[in-house]
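Peer 1: If you want the building blocks of each chain, they are given just below.
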Amino acid sequence: MNFMALKQPENSLLGSESDSQRTLYPYVTGTSVAALEYKDGILMAADMGGSYGSTLRYKSVEQMKPFGKHSLLGASGEISDFQEILHYLDELILYDNMWDDGNSLGPKEVHNYLTRVMYNRRNKFNPLWNSLVLGGVKNGNKYLGTVSMIGVNFEDNHVATGFGNHLARPILRQEWHENLSFEDGVKLLEKCMHVLLYRDRSAVNKLQVHIFLYTCRLHLLDKSS
Amino acid sequence: MDLDMNVNAPHSMGTTIIGVTYNGGVVLGADSRTSTGMYVANRASDKITQLTDNVYVCRSGSAADSQIVSDYVRYFLHQHTIQLGQPATVKVAANLIRLLSYNNKNMLQTGLIVGGWDKYEGGKIYGIPLGGTLIEQPFAIGGSGSSYLYGFFDQAWKEGMTKEEAEQLVVKAVSLAIARDGASGGVVRTVVINSDGVTRNFYPGDKLQLWHDELEPQHSLLDILNAPSPEPMNI
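Residue numbers (full-length UniProt numbering), protein chains in the order written: chain A, 1 to 225; chain B, 1 to 235.
Isolated chain A (complex conformation) (with noise of 0.2 Å):
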C-alpha cells in the first residue's frame, strides 16, 4: 500500500505530521449522546452505534458509563479515546476511596477533572477525540454539564453532543421544564432520539438508555418516613 506524506503549505503553523504524536482523525466513532435532568434524577440516551468512517461497523457499542457512587459519564467520538477515560476515571476513583475519608468525588468535581484533561490534551494539540456528557445527583442534588475536545465546558439542565447540538437541543430549550416526571423525561428524549436516527446518518436503531436516581438511600428513608 502506498503511503504519500499529507501535503502542507509552507507556511504551516501545524509542523510536519512527523514531528509530534497527536490524534489527527477519530476512527471508530460513536455519535450523539443527550440527557436532561429531571425530577429525581439524570435521564441520558445514546444510540449503541459505532461506526468506522461510513461503515456502520458495531452495534452494540456502550457509550455511557456509570462510575464511582455519583457520576455517569457519557461520550460521543472516537471510542478508544473514551475507554481511556474510563481508565483515567477508575484510576480517579480509587485514590479517592484510598483516602477512605467518606467523602466521596461528586459529578461536578468529576466534571472540572474531565475540563481539565480535555483542555491541556487540545493545547498540545494531541486531543481526546470525544464530546463528554457527565450527569450526576450528590446529595440530593442533580448536576449536568458537558466538555468539548476543545475544552468548551458548561453545565446546564439539558446537554446534548454531535449531531444532537443541532436536532435535540431546539427540541429541550421549548419541552423541558423543572420538575420533569420521570415519564414526560423518557417521552422528551426518545423523541430527541428519534429525529436524530432520521436526520442522522450514522444512527443506529438501538438506544441505550442510562437513569441516575437520587442514591437508594434517600429512597428507603424515605419510604420509611
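Everything labelled a hint here was simulated from the structure, so no lab data went into it.
Being a predicted model, the structure only gives us computed values, none of them experimental.
Among these hints, one or two may not hold up.
Just the calculated beta-carbon pair ranges, DEER-fashion [unchecked claim]: (1) A:174 - B:68: 50 to 58 Å; (2) A:191 - B:41: 50 to 58 Å; (3) B:204 - A:191: 52 to 60 Å; (4) B:109 - A:170: 34 to 42 Å; (5) A:157 - B:42: 55 to 63 Å; (6) A:201 - B:220: 28 to 36 Å; (7) B:158 - A:90: 32 to 40 Å; (8) A:173 - B:42: 54 to 62 Å.
A virtual CB, placed ideally from N, CA and C, is assigned to each residue, including glycine.
Based on the hints, put chain B in the right spot on chain A.
Peer 2: For chain B alone, coordinates are given in the frame of chain A:
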C-alpha cells in the same frame, strides 16, 4: 491517492480475517495473501498467530506492524503467565494488544482479532480495529475483505452454533471474501480453540465450494481440449 483525502474514511487493508464464538470455544479464520501493491508477495502466509497455548490473534493491515505487536504481546504474556502461575485469560491478551494499538495509534496500521479459550469465560472474541478500540463481540470480521461480509454475517450468524457449523461458516465467509476482494486470496486457514486444545485446519482452493461465475477447477487446459465438444455459450 488524491490530496483531498476524506480523513474520516478508514484505510483499506489487504486480508480477510474472521473470529467466531460457538458453544464451547472459538474458530478463527483468515486468507493467506500478503500483497505489496499489486504484487502478491506471499500467497501462503499464516495470518493466525499464536500468543499463548490458548490465545491466538488474526492479523490484518500492515504485515510489519501486526507482527511486531504480536511479538511484543507474546513476550509480555509469557512473563505474565510465569507470574500468574496459570494460563493467561483471553481478556488480558486482548487488553495488551489494545494498549499497544492505542498508545501508538499514530504510527500503527493494523486491525487485529484476538480469540481464545480460558477456564473463566470460555471462548471469547475481541476485535481491536484501527485506533485501539477494544470491543468484545460474539463474532468479528476484519481486513479489506470484510467489507463483503457484513451482509453475509447479518444473515447467516446464529447464536449457539456447534463447532462444525462455526467452522463451516468461517470457511464459507473467507471463501466469499476471497472471491470478491483482490487483496485476499490463496488458501483458507482456520484455528479452532476450546477446552480440549487447539486444532489447525487448511482448505486449499479446490476444497471450497464454487460461487457465482466460477468454473470447476481443471488440471490442465489439455483436458478441456481433448474433451468432447462443449456446449455453445449462450451469449
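Peer 1: Are the hints correct? Go through all of them and say.
Peer 2: These are the hints, each one checked on the structure:
At about 55 Å, the CB distance of residue 174 of chain A to residue 68 of chain B agrees with the hint of 50 to 58 Å. Look at residue 191 of chain A against residue 41 of chain B: about 55 Å separates their beta carbons, and that is inside 50 to 58 Å. For residue 204 of chain B paired with residue 191 of chain A, a C-beta distance near 56 Å keeps the hint of 52 to 60 Å intact. Against the hinted window of 34 to 42 Å, the Cβ-Cβ separation of residue 109 of chain B and residue 170 of chain A comes to about 41 Å, which satisfies the hint.
Separation of residue 157 of chain A from residue 42 of chain B is about 60 Å and conforms to the stated range, judged on CB atoms against 55 to 63 Å. Between residue 201 of chain A and residue 220 of chain B the C-beta distance comes to about 52 Å, which lies outside the given range of 28 to 36 Å. For residue 158 of chain B paired with residue 90 of chain A, a C-beta distance near 35 Å keeps the hint of 32 to 40 Å intact. For residue 173 of chain A and residue 42 of chain B, the hinted distance range of 54 to 62 Å is satisfied, since their beta carbons lie about 59 Å from each other.
In this structure, only the earlier hint numbered 6 is contradicted, and the remaining ones agree with it.
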